[in-house]
Amino acid sequence: MNAIARREFLGGAAALGLAGCTTTLAPIGTIGTKRAPSADLLARMAEQILAEYPENGTAMGIDTGARAMLKHRLTDRSAAGRAALASAARSRAAILRTVDISDLSRPAALDTAVALAANE
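So for the sequence shown, our numbering puts the first residue at 388; every next one is plus one.
These are calculated hints, taken from the structure and not from any lab test.
Yeah, the Cβ is synthetic: ideal placement off N, Cα and C, and Gly gets one too.
One thing to keep in mind: the hints can contain errors.
[Unchecked claim] Simulated restraints on C-beta separations:
(1) L461 <-> R493: 17 to 25 Å
(2) T451 <-> R484: 27 to 35 Å
(3) M447 <-> D490: 17 to 25 Å
(4) R460 <-> S489: 35 to 43 Å
(5) G452 <-> D487: 30 to 38 Å
(6) A467 <-> E442: 17 to 25 Å
(7) S478 <-> A453: 17 to 25 Å
(8) R464 <-> A495: 15 to 23 Å
(9) D490 <-> G448: 30 to 38 Å
Hey, can you work out the whole structure from these sequences and the hints?
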């Protein structure tokens, strides 16, 4: 039986939870301090996670249309690839830490908290 790393599980879970969001791949950038996330911030993060872990798109059956490129890719498991994945997760977590979830609706606060936990 193959063991799955905690980060891979949480990344896949975050992508699964946000996979219904549609957007184009774009740089995430910062959102400022203590502001609500932009309408598509979490969707862009989910797309970034899917690009980093393309097998998840295939496993979820969402590797069609704009995401068809996911079918022919695998996660980079090399040392450099794993370092890049960790760096991307740290960047997303840093952005999510700037969000004041006390001002968000319960669903939005939960989505943001789950995305932060997945990236931490």
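Is the distance from the Cβ of R464 to the Cβ of A495 consistent with 15 to 23 Å? For R464 and A495 the Cβ distance comes to about 34 Å; the hint is violated.
Does the Cβ pair T451, R484 satisfy 27 to 35 Å? Between T451 and R484, where Cβ atoms are some 34 Å apart, the hint holds.
Holds or violated: 17 to 25 Å for the Cβ distance of A467 and E442? Once the Cβ atoms are compared, 19 Å apart, the range 17 to 25 Å for E442 and A467 holds.
Is 17 to 25 Å a correct range for the gap between the Cβ atoms of S478 and A453? holds, 23 Å
Could you tell me whether the CB distance from L461 to R493 stays inside 17 to 25 Å? For R493 against L461, whose Cβ atoms are near 37 Å apart, the range 17 to 25 Å is violated.
Go ahead and decide if the range 30 to 38 Å is satisfied by the Cβ distance of D490 to G448. holds, 35 Å
Supplied distance hint 35 to 43 Å, evaluated on CB atoms of R460 and S489: This hint holds: roughly 39 Å between Cβ atoms.
Does 30 to 38 Å hold as the CB distance between G452 and D487, or does it fail? Since G452 and D487 have Cβ atoms about 35 Å apart, the given range 30 to 38 Å holds.
Does the Cβ pair M447, D490 satisfy 17 to 25 Å? violated, 31 Å
Of the hints listed earlier, those the structure fails to meet are numbers 1, 3 and 8, in rising order.
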